[in-house]
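Visitor: Join these two chains into a complex; the hints should help.
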Amino acid sequence: MRPFPTQAVAESLSKVKAVGVIETNTSYGGVSRGGNIAPETRAACYNLDNRPIITSFMAGLGGEIVTLNEFYAMARVLSDAVKTGKANDSYWMNFEKEVLDTHS
Amino acid sequence: MAKEVFYSGCAAAAYGAKDARVEVISSYPIRPYTGIMMELSKLVANGELEAEFVLGEGEHAQVSIAYGASAAGARAYTGSSGVGVTYAMECYSPAAGGRLPCQMAIADRALDPPGDFGSEHTDVMSARDQGWIMGWAESPQEVYDNTIMYYRIGEDHRVQLPQFCCQDGYFVSHIPGKMQMEDQKAVDDFLPPYNPPHPLNPNKPINHGPQIFPDQGSAINVQRAVAFDDVEAVIEEIVTDYNKAFGQLQPLRGRVYDGRCRDLLLPPGRPRQDGTLCGEPPAQKGC
Numbered sequence: 001m002r003p004f005p006t007q008a009v010a011e012s013l014s015k016v017k018a019v020g021v022i023e024t025n026t027s028y029g030g031v032s033r034g035g036n037i038a039p040e041t042r043a044a045c046y047n048l049d050n051r052p053i054i055t056s057f058m059a060g061l062g063g064e065i066v067t068l069n070e071f072y073a074m075a076r077v078l079s080d081a082v083k084t085g086k087a088n089d090s091y092w093m094n095f096e097k098e099v100l101d102t103h104s
Numbered sequence: 001m002a003k004e005v006f007y008s009g010c011a012a013a014a015y016g017a018k019d020a021r022v023e024v025i026s027s028y029p030i031r032p033y034t035g036i037m038m039e040l041s042k043l044v045a046n047g048e049l050e051a052e053f054v055l056g057e058g059e060h061a062q063v064s065i066a067y068g069a070s071a072a073g074a075r076a077y078t079g080s081s082g083v084g085v086t087y088a089m090e091c092y093s094p095a096a097g098g099r100l101p102c103q104m105a106i107a108d109r110a111l112d113p114p115g116d117f118g119s120e121h122t123d124v125m126s127a128r129d130q131g132w133i134m135g136w137a138e139s140p141q142e143v144y145d146n147t148i149m150y151y152r153i154g155e156d157h158r159v160q161l162p163q164f165c166c167q168d169g170y171f172v173s174h175i176p177g178k179m180q181m182e183d184q185k186a187v188d189d190f191l192p193p194y195n196p197p198h199p200l201n202p203n204k205p206i207n208h209g210p211q212i213f214p215d216q217g218s219a220i221n222v223q224r225a226v227a228f229d230d231v232e233a234v235i236e237e238i239v240t241d242y243n244k245a246f247g248q249l250q251p252l253r254g255r256v257y258d259g260r261c262r263d264l265l266l267p268p269g270r271p272r273q274d275g276t277l278c279g280e281p282p283a284q285k286g287c
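Listed in order, the protein sequences are those of chains A and B. In terms of my numbering, the first sequence has 81 at position 81, counting the first letter as 1, and numbering is strictly consecutive. In terms of my numbering, the second sequence has 133 at position 133, counting the first letter as 1, and numbering is strictly consecutive.
I should point out that these hints are in silico values taken from the structure, not numbers from a laboratory. For every residue, glycine included, the Cβ atom is placed at its ideal position computed from N, Cα and C. A hint or two may mislead.
Cβ pair distances, simulated, as ranges [claimed, not checked]:
#1 48/A with 125/B: 26 to 36 Å
#2 82/A with 125/B: 32 to 42 Å
#3 7/A with 3/B: 49 to 59 Å
#4 48/A with 241/B: 36 to 46 Å
This is chain B alone, in the form it adopts within the complex (with noise of 0.2 Å):
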């Protein structure tokens, strides 16, 4: 049965994970991200999730065990925020070159400087040039259906890329919201198990990322720029079928755009969800 909860960003990502049956998950802690692990391990230790927990010895160990993990057949987890998105920086072209649909979740912090606690999407902005999918939550409940739908997105024979699965740092991760928890069985119909078409196996040998010469590098880029192609067809398809399997709680195209307005702000991820509050702006503002 679906359930009504209240849940921050962090617990919302971490349900959403262990619904869609992530097999390994790479954990090294950094606020404001951490709390996403704290309570995966939580599901893993009581045995509510069956996923290896591996602690990496940094980010770059965190991106590499989720890619490697995403080559040889499972469907893998990992995440960070602020400088530790940025310490993993070399591995991210390796998962998408690859075409390993593993995901990362980020939950926004800025870089040091100015060094606090605040939310600034530069940190994953950094990696935007890199081949993988990106995207931001303005809600708990983006968060959890985001995180599901993403995997099936990723993983989509027809797409076969990483995907950042991005939160505000604090401002979604850490304020909770009331949100639908699905039942696990009707995730299972809507995001089968991961299905990689070559995956690593020692009986049946094949060469991930083998070393190539110059002449044969750019038609390994073109099939990475390619395969964004087909993204936003499967991104529609996907969210019209997540809908129709949940209710309607996905604006396919955003909710604030309905033709009548003149002049338009827009803002990912938080602040959308602040001006959406606001709603009509009073005259005497000036607006």
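Okay, chain A solo, but in the shape it has when bound (with noise of 0.2 Å):
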């Protein structure tokens, strides 16, 4: 995280087209209403000319095991993200409906 290997993270990332980022962290009011790492990446992304859909998944928070539910989840909410075009800035795992459709 700090340094924050920005030059990087902007050249791997420009290669794809949906990015889901996996916090075990939180900034409560946050500009993404979720945890750090998605804003920062977000910000190191700024500058390339096609840049990825980047979202936060909160999950782990508390210490909870990380289900591999939950990562199909995740990455159906990836795939269908860059089938529409859009996602929303953070997902709370376990706690939003359009999350927990994906499980079933």
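Guide: Here it is in structure tokens:
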């Protein structure tokens, strides 16, 4: 995180369409209403010509186990994001209907 | 009656806290915020403010006292600057996670190093992720107004969060400015007594902050995050109410940006006032 690998992150993410940042930290009331890493990742990509969709997946908070099903759900959200061209700034895993629906 | 006074940011915070009728004050000295506690201790000693004035043995104790008092149902006030703000770091999450709307006045000061007495926001910005509402005043008037408004915002049952009520050290905290102090009765009408939904009470015992297991933790995090969903709307409502009660004192969404600008600087706190005073940038400076 410090120093944030700004150039390396921008270069590698310039090749993908959607990025999910799994956050095990919170920034209450922060810019994405999620964690801290996705906003920094977004900032690193700001000057790219083709910015990927970047979202926070809030998972494993409080020490909770991140399950295989949750990883599948995150992957599903990302592949939907590539199709529709949009995603929320953050998803609180296990607490949002949109995410829960993808479990079934 | 409202009256016009000439106060520093420190005095403005103290009189804001007095008019908010704070009930418990926890204090420990560090420049430059100390001026707030000097004013408040005089007000308490002179009988102008009825409040418990508690000396903490450090900032960690100060914030613990404040959120403990808040848990017991008191309107609690504390404050600090610079390294004092970071020394209390452990206590910010319990206050926010416990949804205890105490208020902490911050007069920003640079951390060590540089160890000078300069004003820099890194002190309280280090605590920005802990779940406290935070904002900066640019003048003694805004310090006074924010002190009163933040209590109503934080204590609102849709919010229930503690607040960092920030001002730049020295540039705001120690430079007096003309400001309007409101009539006590009018402030009482604007800010009703603190009415917590679940105060500690020996006659009706409840548990605050019990030990839980990891699979129960994320729900509490989510609740604290969701609390922030309503805060902007509550702020808008309460600032509008404040302006209705006391005249148009507070800009709801800043006063610089009115759609005419092509480029915009976004300074928080004191530099905003300096920049506003500069007015139109002179063309010969290449602006």
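Visitor: With reference to the structure, classify each hint as holding or not holding.
Guide: Here is what the structure says about each hint:
Distance hint check for residue 48/A and residue 125/B: the Cβ-Cβ separation is about 27 Å, which falls inside the suggested range of 26 to 36 Å. Distance hint check for residue 82/A and residue 125/B: the Cβ-Cβ separation is about 35 Å, which falls inside the suggested range of 32 to 42 Å. Roughly 57 Å separates the CB atoms of residue 7/A and residue 3/B, a value that falls within the hinted 49 to 59 Å. In this structure the hint that residue 48/A and residue 241/B lie 36 to 46 Å apart at CB holds, the actual value being about 44 Å.
Hint compliance for this structure: no hint is broken.
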